[in-house]
Amino acid sequence: MSTMNFRIHPAIGFARVGNSKDFYLEPVTPAAWPIANGDGSRTGGLPVKPGTEDTPIDSSDLRDSSGALKRQAARFRIHAYPASTNETWPMGVDGQEVVIGSKVDGRQVKDIVWMVHLANKKANWYIIPEENGIGAYTKGAVPPLRNRQDGPDIGAGKRLATLVIDPGPRTVQGANATPVAFDQPTTASYWQDGKGVTPLPSYPKSFPGDHFPNLDCPDGPIDTLGELRTDAQGRLLVTGGYGRACGRIDPNTGKPFPLNSDIDNDGWFDDCSDGPVFAVLVFDDGSTQTVQGHAWVTATDPAYAPQTLNSVSLWDDIHDVWVRHMNLRPELFANGSFQTSYQPSFDDEVFPIFRAAAVQQWNTNLNVTGTTAHGAVDAIKAGDDPASTILGGLGFIRNPNDPAQFTDGRRMPLALGDAGDPFLYLRKTQYFFLEQWNAGKSDANGHITLNAGEALDRTMLVNCLGGRFSPGIDLTFIVRDPALYVQDWQTSGIGPFRIKPKPLDYGKAQAGTPFLGVGYTPNIVNNPLGDKQPIDTDPDSPGLEPGDASKFMALPWHTDYNSCATHTTDPPIPMNNLLYWSWPAQRPVAVYAARDVSGSTLPAQRFSVRGPGTKTEPFDPAQVGRFQQRIDMVQSWHRIGVVVQGDAIAKADGGPFNPAWYLEVQSLLEDGGDPVVPWPNSVAPGGS
Amino acid sequence: MPEHRRAIAGVLPVLVPLLLLAACTDRRKPETAPLPRPAEPQVEAAVQTVPEPAAAPVSPCPAKPEWFPVTPFPDGEDFPNSSNCDFHQWSYQAFLWLLQPSSAEAGAPLNFETFADPGAVLKPGGPGTVPYPGRSPSTGAKVLARVGKSSNSVDADDVFQAGPGNRVLVDQAGNVVYYSGLLNEPFWDFVVDESLFDLKSLLDIAPGTDFPVNAIELKVSWRVAATLVGGAPVKVFIPDAEAHFHTMPATVPLVEVVDGMVTDNTGKTQDVLLAMVGMHVVGVVKDHPEFIWATFEHKANAPDCDAVPTGGSEPSTGLPWSLYTPNSTLAIQNQFDVNAPLNVVSVCRLAPWGGGNAQNTANIEALNRSVAPHLAGSVWANYELIGAVWTTGDGDIPGANGAPMREGDQQIGSLGLANTSMETFTQDANCFACHNGGVHTVTVSAPGRAPSGQIVAAKHLNLSHFIVNYQAAQQAAQAAE
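Sequence order for the protein chains is A and B. At position 325 of the first sequence the residue is numbered 325 (the working numbering), and the sequence of numbers has no breaks. At position 114 of the second sequence the residue is numbered 1114 (the working numbering), and the sequence of numbers has no breaks.
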């Protein structure tokens, strides 16, 4: 028995679809944060060049030689820590990365065997409950079912067999391993304790084409969910699908299913996926060690603005849940209350909120007043007297503890909310950080000192969308369910932020019988902290199967991405006909195209989604900057440009530019469509 | 083309309700009733000659007997500062004083009409040897209605509606509502004494510096009653306006839509008769450097939102609503249409009497009842106090968005106060949301330059947007040099 504890990092990794076989690696720096040890101008969030530790890509790396958009691979690595049964976060120890050839406890690591199981269960799931989010899963209640034409029982064998995309598990090992595909031809395999890698030739794989003839797949068939491979050190790289979507023939009408919803389209599949990541260390003495801290990977939308930080990131949502419900940081929150003795780190816990505000301008049509004010927010220094700053008194910030402010359209963030809240608000932990800062109680010099593994855990989540889970882009409201995670994180050696996997007995897999079941269903049983989004641990949660995280997302993702530019609030606010942004940091609405820049002033903005098929006639501000027919997004999503920092723009794209600018490059969309009008934009009074 | 690609067209967004737009367009047709000679009636005399009622109702907050027949200036040094009523009484006394003639001379301008245009003192170099109010009294009540805000202009008024963007208000006759800003002699003297016309002085002044007691600034809103040519009415929009409104002839800039944005920088003007529909009365009293923020409205401006749709009922004045589209529902109230910025806007009042507590409301209503008999027979009987808001005082200046700048800070009075003719689109916030001592952000537009965002550092003087806008314009001008 090792005295060491092993853990995969990041705890949750994000692969992103692309229509190229090529890929770059998930960023290892947080979006928009100043990069430590840099010259002060470069900010984080840029993906990483394959084969390097952390060398950021530039604009010439976004597409392959054919112009196809590269995928993003999630990279996983293993760290070793002294075993502990009373863990804290941060742990306060550095740990050590374990690669092939590493020595651990006197033994040399001869090999690392990785096992991943990806699946897509979107078509056999419930519709997205936009009005109440996770609250729709209270005390056994569930939303209406998707694909009702395939039967009313979500657990029926036929539905499970035909609507779930399940290639089965795959293993990969060694250094520089060739890709192992999650496709039909590749044999499934899994790690079996005592027996090693075990093939599963009769695993009941399932792809849409196996069950439905005459699928309409504008970008090609869904015949794979991606691949596993390893790098020179034996780290795992997971690439996801190719961003494809396929529509069926409606058995009731004999006609193709229409794309008539932004988020729930019966008869459609996409090739996003998710699943657990496990690893086993094989030592030179023949012994093996299962890595206790497993991880999770999800393959989702491309990152069209990887360096734009969300005002509420996925980290902010997950950290908030862990702080208030999982006893993550008792010095910050204990016995149901934030601790006013806690001094948040200005750099790590306060300033990112300010930074996020400042970078929204690169993806939105904010007016001059807005961008100027945000610039003043970004200029706030740790030593400034809060009262003398533009945020003094926090009067501009929507207080998540005061429902009276939830409909206040003057407070920030000026973006849309979810689950019955018209506007986005900071998570309670974020707001507490601001309150402490405003009261002069932030730590101007301190930092949250994370070890390398913990930093990866956080960074991956910082770079994803939080706050507005309707449903979101990377993960959704299930992250607010404490039952999603491994509960005994302090004593089990598994650590925090780990999605709880349902134990699966692959030995029982047999051809013709669907292996995966209905899977994780949130079940909110009470609301101990009185949150607007009620959350509580369901101790009976069995954990997640592959596909149980991404199934809550839009089907297909393309239609959701298309629509989530700007909207009026939902629910509507009386006498407010203004349009607000949905996911401004991750779904760019209006951008500055690098090719439009000449000289030292910014050019006029263009819509990120533009060109033929996007123009509204007559002009309709509520529908600008998106395709007017959803199918066009299914066909053109990979042509959208990417917003990156000026000094990451290659010569071929006209760069480099001012590093303070974040400009769109590599758009393959034609020009045309509606003009960008600075906010505020509104619909006709009484309209929608 | 697969079927679903066609089917999607069936779920395209619902188009703009054309009927509604058509209705708005109709409303812009001018009414054609004859207009009497646009001369200022001697309503002030009425104010002075109305005898005190024999049996005034008992009121928790009455008009004071000494306000009639001639209202003395409400000296802020004598402010009692003991009750909610004191603040509303100051507001009403100030209003009554403002609308009195400035002298016994026939045709003398009203007190408020003798106030200075802020651009006469807040201009590079200051007023020099030109004394308050910066113009000859013989030119009479020459109020500049609606002037452009730009960095190279001497004018510092914020000519647009409160709130973000150029959201203009268009009245029921289809005309833009105009605004004028005014300040009194103590305000003027303070600007001169502190050289606030000089950018360096503004940047250097101690953030805790307060306006002096009795400094007053006004914002007045006006509807177009008629267009004039050679002083004679050509198109009449408010029949018999002089009988119902305080009116004033003026030359105003034409407001047009250029490149999708509303602008009054058109270089075109027109002569009009203006009818006053609202007035902000904002003044400093002892221990209240945050100003008392009071507002008055013409009774025919707009109904309370709770009463909408009104079922066709008209305001108590017997006039049609100035700003509310008859029978229109709540769904279309108080909304600006960016795509049709010069369309009629229908307005209702979100917070009756400014939405304060019951005592606050009772005091406002009692004052209105108590003053009314004294104004009977004059156009001023058609105006009323909507409310007033202030703070706990003692240097208690609200910060950003009205948030308390220190523990214990509190706003008092009509906490949801808004004037339907001035804060039409931002009625869910009171004055302190925008008028506060926090950092301000101003977009300065100037001909030939891209709009420039200016940060005006936190200071108590930021309470006045005369100061904030002027400073922002000067900062922009300096940056452009």
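Please note that a few of the clues may not be correct.
Unchecked claim - When the alpha-carbon atoms are kept at most 20 Å apart in a straight line, the in silico DMTMM-like pairs for lysine to aspartate or glutamate are as follows:
1. B/Lys1123 / B/Asp1198
2. A/Lys615 / B/Asp1259
3. A/Lys428 / A/Asp505
4. B/Lys1286 / B/Glu1185
5. A/Lys441 / B/Glu1407
Treat the hints as calculated values from the structure; they're not laboratory data.
Results of checking the hints against the structure:
Taking the CA atoms of B/Lys1123 and B/Asp1198, the gap is about 8 Å. The hint holds against a cut of 20 Å. For the hint pairing A/Lys615 with B/Asp1259, the CA-to-CA distance comes to about 18 Å; that is within 20 Å, so the pair holds. As the CA atoms of A/Lys428 and A/Asp505 are separated by approximately 40 Å, the hinted pair breaks the 20 Å bound. At roughly 17 Å between alpha-carbon atoms, B/Lys1286 and B/Glu1185 fall within 20 Å of each other, so this suggested pair holds.
Distance check on the hinted pair: A/Lys441 and B/Glu1407 sit about 15 Å apart at the alpha-carbon level, within 20 Å; holds.
The structure fails hint 3 only (numbered hints given earlier).
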